[in-house]
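Engineer: Those protein sequences? They're chains A and B, same order as listed.
Counting in my numbering, the first sequence runs from 1 upward without gaps.
Counting in my numbering, the second sequence runs from 1 upward without gaps.
Hint data in this document are derived by calculation from the structure and do not stem from the laboratory.
For each residue, glycine too, the CB sits at the ideal point set by N, CA and C.
What the simulated footprint calls covered on chain B by chain A, stretch by stretch (three residues with Cβ under 8 Å from a Cβ of chain A suffice, anywhere in the stretch; the number is not a length):
hint, region
1, 112 to 118
2, 195 to 206
3, 219 to 227
4, 237 to 249
5, 253 to 260
Looking from chain B toward chain A, a few residues come up when the C-beta cut is under 7 Å (computed):
hint, residue
6, Ala132
7, Leu175
8, Ala185
9, Gln192
10, Ala230
11, Arg263
12, Val265
13, Arg266
14, Leu269
2 protein chains.
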Amino acid sequence: MKIGIAGLGLIGGSLALALRERHEVTAYDTDERARAAAKADGIRIVSRLDELVPADAVLVATPISAIVPALEQLAARADGAVLLDTGSLKRAVADYAARAPVGARIVGGHPMAGTTSAGFSAADAELFRGRAFLLVPTARSDDGAMAIAGTIVRDVGAAVTVCSADVHDRAMARLVAGPLATAAALAVVGAQAEPLVGAAGPGFRDSTRLAETPADLAMELLFGNSADAAAAIASIIEALIQLRRSLERGDRDYVRSFLAAARSVRGELA
Amino acid sequence: MKIGIAGLGLIGGSLALALRERHEVTAYDTDERARAAAKADGIRIVSRLDELVPADAVLVATPISAIVPALEQLAARADGAVLLDTGSLKRAVADYAARAPVGARIVGGHPMAGTTSAGFSAADAELFRGRAFLLVPTARSDDGAMAIAGTIVRDVGAAVTVCSADVHDRAMARLVAGPLATAAALAVVGAQAEPLVGAAGPGFRDSTRLAETPADLAMELLFGNSADAAAAIASIIEALIQLRRSLERGDRDYVRSFLAAARSVRGELA
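With the rest of the complex left out, here is chain A (with noise of 0.2 Å):
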């Protein structure tokens, strides 16, 4: 398939890689040394957005609040290309789909693979190997439109979910936000550890670690869906203020459950 790639940041960039062997890929980015990065390493560049038209499939794997922009002036043109973003958050491109032209093709996607490095020097080809890619079907995604991003999702890798954008945002808030919101807390919490913060083994590295997502990310999980992910973050707060009050009472059996609830829930993890 001929594929247009708009974004060369860490999922972009790792679209194009993963893509490149088996499609005629071009890609853009609105940086200029992202552009040069991407073409070094061998990658056709476009330098506007709206010569990654005309394709079978454009990408679109911007900033989440340069998405629906991006999405309006490919529709105006698309001839027929599929739109696939890859954004966090489903709501708003399910909102713009439904008032996009006729005739627009629009999916939304997500793939729930990512690292805290960001940027096309970052990108990998094996990012999204193994990984799930949730689908999003909008007022403007037919059969084949979900056909071919399907395709895509397989040719790098991923395994297809297929969810509503309610659904999907509502869960990223607690499988993404959640996870960011605990990360800073204990994180900020550690320095209290001090002299000993430095010595803090791989569990806290672990545990820490999403609090290294580059700040504008981190900013658009939080606030992009922050009714969503202030409600995920007081189911949290209520989980920790149960554990807290179980351990003053010294009631053991609360917190041997709630660990084995917790395991379980692991244990539906692929």
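Given the coordinates of chain A, assemble chain B onto it according to the supplied hints.
Structural biologist: Frame of chain A, contents of chain B only:
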């Protein structure tokens, strides 16, 4: 040196594997299968705790609740052997040392390494390499005892940090018990993300990894120092309440500052 090791779980087994090239290592475990597994791996085994002495040092790597009883039993016939434990909490060891027989030589130790796997089968000679190994002097720690403990730490590839039992236990509530509590809370709240919890990405996986801590160890980490653990959890709750309120009132400046503070703590980790 002649080194005895009491307890052949993950930590004791890894110490045995890391030390046996340079030292004459003899080990013991109350569990016959653990003794057999270590013996099959070429570690010299004795069938009673007492037989670990005479030695230059005995490392006590039993579950936390068994450490002081083992120290009591060994101190009665240690004949100058340095007794170094490896538990995650140090006040009980320091308290015991203060009432131990004059002539006993006791140093508290805590290697900041581990995995959520348990038992000798998970033991790894490289487990401690590059990690901090905290040493806590007690009322029965002389300079020579500290020097022997320091040599052992360096011989397993770790770096010595010295602190008091109080500083240690308060810090560990924030670096170990707090992350364990949030991992469990995140996992339980993550279950509300069904049907998408199985699609969770590496951020959620890392953030909840400590929820796989073996149940008995997790209970000891929380209840062995429940006042400090409850205080650490209370601090985390307070931080999350501030984050949630800031999200609800749209206070982007507060959240951005909070995230920056969290990132700076990560920067202190070696």
